[in-house]
Amino acid sequence: MGRYILKRLYHGVVVIFGVTIIVFVVTRMVGDPVKVMLPLEATLEQRAAFEKQLGLDRPIPVQFLEFIGGIARMDFGESLWQHRPAMDIVFEKLPRTLELAFLGIGLAFVLSIPLGIIAALRPGGVSDRSTIFVSLIGLSVP
Amino acid sequence: MNVNWKRALVAITICLSVGLAARAGAQEVTIALGSEPTTLDPQLREDGGERAVNDNIYETLMARTPQGKLVPQLAAEPPALINPTTWEVKLRPGIKFHNGEPFNADAVVFSVKRIINPQFNSEQISFFATIKDAEKVDDLTVGIITNGPDPILLSRLYWMKMVPPGYANDPKFAEAPVGTGPYRFDVWNRGQNIILKANNDYWGGKPQIQQVTYRFVEEPGTRLAGLMAGEFDVITNLLPEFSRQVPQAIHILGLEHPIVILNADDGPTKDVRVRQALNYAVDKDALAEGLFDGYAQIAQGQLLSPSFFGFNPKVGPYPYDPEKAKALLKEAGAVGATVELIGTAGRWLKDRELVEAVAAFWDAVGIKTKVRIFEFNEYLNRLFDRKTRADAIFVVSSNELLDADKSFSAYYRADGIGSSNSDKDLAALIDAARTETDVVKRADLYRQAVKRACDQAYFVWLLNIEDIYGVSARIDWPARVDAKILVSEMKVKK
Numbered sequence: 001m002g003r004y005i006l007k008r009l010y011h012g013v014v015v016i017f018g019v020t021i022i023v024f025v026v027t028r029m030v031g032d033p034v035k036v037m038l039p040l041e042a043t044l045e046q047r048a049a050f051e052k053q054l055g056l057d058r059p060i061p062v063q064f065l066e067f068i069g070g071i072a073r074m075d076f077g078e079s080l081w082q083h084r085p086a087m088d089i090v091f092e093k094l095p096r097t098l099e100l101a102f103l104g105i106g107l108a109f110v111l112s113i114p115l116g117i118i119a120a121l122r123p124g125g126v127s128d129r130s131t132i133f134v135s136l137i138g139l140s141v142p
Numbered sequence: 143m144n145v146n147w148k149r150a151l152v153a154i155t156i157c158l159s160v161g162l163a164a165r166a167g168a169q170e171v172t173i174a175l176g177s178e179p180t181t182l183d184p185q186l187r188e189d190g191g192e193r194a195v196n197d198n199i200y201e202t203l204m205a206r207t208p209q210g211k212l213v214p215q216l217a218a219e220p221p222a223l224i225n226p227t228t229w230e231v232k233l234r235p236g237i238k239f240h241n242g243e244p245f246n247a248d249a250v251v252f253s254v255k256r257i258i259n260p261q262f263n264s265e266q267i268s269f270f271a272t273i274k275d276a277e278k279v280d281d282l283t284v285g286i287i288t289n290g291p292d293p294i295l296l297s298r299l300y301w302m303k304m305v306p307p308g309y310a311n312d313p314k315f316a317e318a319p320v321g322t323g324p325y326r327f328d329v330w331n332r333g334q335n336i337i338l339k340a341n342n343d344y345w346g347g348k349p350q351i352q353q354v355t356y357r358f359v360e361e362p363g364t365r366l367a368g369l370m371a372g373e374f375d376v377i378t379n380l381l382p383e384f385s386r387q388v389p390q391a392i393h394i395l396g397l398e399h400p401i402v403i404l405n406a407d408d409g410p411t412k413d414v415r416v417r418q419a420l421n422y423a424v425d426k427d428a429l430a431e432g433l434f435d436g437y438a439q440i441a442q443g444q445l446l447s448p449s450f451f452g453f454n455p456k457v458g459p460y461p462y463d464p465e466k467a468k469a470l471l472k473e474a475g476a477v478g479a480t481v482e483l484i485g486t487a488g489r490w491l492k493d494r495e496l497v498e499a500v501a502a503f504w505d506a507v508g509i510k511t512k513v514r515i516f517e518f519n520e521y522l523n524r525l526f527d528r529k530t531r532a533d534a535i536f537v538v539s540s541n542e543l544l545d546a547d548k549s550f551s552a553y554y555r556a557d558g559i560g561s562s563n564s565d566k567d568l569a570a571l572i573d574a575a576r577t578e579t580d581v582v583k584r585a586d587l588y589r590q591a592v593k594r595a596c597d598q599a600y601f602v603w604l605l606n607i608e609d610i611y612g613v614s615a616r617i618d619w620p621a622r623v624d625a626k627i628l629v630s631e632m633k634v635k636k
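Chains as they are written, first to last, in the working numbering: chain W, 1 to 142; chain S, 143 to 636.
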């Protein structure tokens, strides 16, 4: 059991790291915050200076390493838009996210356990197949 | 199930009591804004939601009348230019911030230095790039030093909010603002509302309305529904098509000018006759009526409203004359020429509709218009692309300083961030006006620039859009040309 938990934890870390890289790179590819944040009429010099202050003029790998370094020191950086620690914003939203998550899990238990039992009574029967069908759809919808 | 019913009951009770409370307190208003502020630090961001709230909490050295005239606010009198690069500002005595800090020369010097500090990285820096420093002369006198002669400084000061030096370094400053204005901050429930209370010690007199609640409603239809239900007293950016349903639709000529930038250096639009033809081809009256229900006026052949500094009253719009457009295109040998028109969707009111209407008018006189609508970020890449300029780019210019400098430097001047011409004479006029401190001479330089650009048809000037507010029947409010929503100017009708 202990080994299993360790293994899952290890997998979790790998997944989080992967997601971090993807989100980090993708958000830098799809939009340039400097372009959108400054007024349209701001000059090129002002844009360059602004970008430099934010540290967005450096290569993406350098920015990423710095971000990871910050996390190691429990510093999750500051929101560009709100100019306050990113973690504060996360904690602000956390209660509602948890509420949703627990309601979702609760609902899933209430529905899935009886359905699973019914389905297991006759493996391969109509109830089994339709339950699998519905739960596959449920899993696939984001 | 039981729990849900209880919840619903609680929710209904809350709604009812909130509604009753709103009716009981006659001296309260609720204003629905399109977006929640990201911060309440008044010097940091370029954020419409932040500005709408903080315009009532903070004040500036110079302000504007509802009609747009610059007048002293925290300054005791109009600042004087004592040498080409120094403006001397005398301050109104006896003013205090809401937390008791005195408003004096130290506060002004601190506010100026804070916003121009590169480390602070304010998004508003483009308004203040000409300011070099500020120094205290005595307790109520400040010298503001510019890099070169800066005739627009007074307009810039109208944009710079004065912050309390003691409290501004507190980490709470961006969440619980403190200014000198007629309203003081009460509470910010993130995601729900911001509440301000009247500052009854306000130096300019006690405001009539005692409490302001800001709500944040992105959807124009939801804002409308809230106004109709009596939940809101003022809603911003009312869609023109909703204007007939609301108790009062208050409208006033605003700061936004949609234009099409034409490439004068390359492609079919290099020929001035083609550019003029593209102007004659567009029926601007039809755009104002058809898309804005009349809540827009025809642009006067310039990127300026009549209330802006530099407006040239002798230059008018190109009339709608499709025959002349066809003749000019024929003369230029450009009949059937392809013109690429770049636009975006959802950024500005009716942006896509305007682009498509312009394209239809151009097609009608024999141009093949290739409309390309991009997502905003990609659109900006095209707008800022200095190497390969598109033939025609739609943009909405918003001029918060009510002065020609900003929009002309960006769009009229060769090498401006959105300009598509290399007219050296025009650039020279704009550069000269930028440092000319003689008001009459400066206005004359802009009038020349306006005339030249209009003759050369560097743009298709479309409209000057009106700001429309939906207002409940119990509020009396004249609205302002500068789009500020100042609650101290509102009255609750008896």
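These are calculated hints, taken from the structure and not from any lab test.
Take these hints with a grain of salt, some might be off.
[What the hints assert, rightly or not] Beta-carbon label-pair distances, calculated as ranges: (1) S:SER177 to W:ILE21: 25 to 35 angstroms; (2) S:GLY347 to W:PHE91: 50 to 60 angstroms; (3) W:GLY18 to S:ARG332: 27 to 37 angstroms; (4) W:PRO33 to S:VAL213: 45 to 55 angstroms; (5) W:LEU111 to S:GLU517: 48 to 58 angstroms; (6) W:ASP32 to S:ILE224: 34 to 44 angstroms; (7) W:PRO33 to S:GLU360: 51 to 61 angstroms; (8) S:GLY346 to W:ILE21: 50 to 60 angstroms.
Cβ atoms here follow ideal geometry from the backbone N, Cα and C, with glycine treated the same way.
Structure-based check of all given hints:
| no. | hint | verdict |
| --- | --- | --- |
| 1 | S:SER177 to W:ILE21: 25 to 35 angstroms | 31 angstroms, holds |
| 2 | S:GLY347 to W:PHE91: 50 to 60 angstroms | 42 angstroms, violated |
| 3 | W:GLY18 to S:ARG332: 27 to 37 angstroms | 31 angstroms, holds |
| 4 | W:PRO33 to S:VAL213: 45 to 55 angstroms | 36 angstroms, violated |
| 5 | W:LEU111 to S:GLU517: 48 to 58 angstroms | 40 angstroms, violated |
| 6 | W:ASP32 to S:ILE224: 34 to 44 angstroms | 42 angstroms, holds |
| 7 | W:PRO33 to S:GLU360: 51 to 61 angstroms | 20 angstroms, violated |
| 8 | S:GLY346 to W:ILE21: 50 to 60 angstroms | 55 angstroms, holds |
Hints 2, 4, 5, 7 from the earlier list are contradicted by this structure; the remaining hints agree with it.
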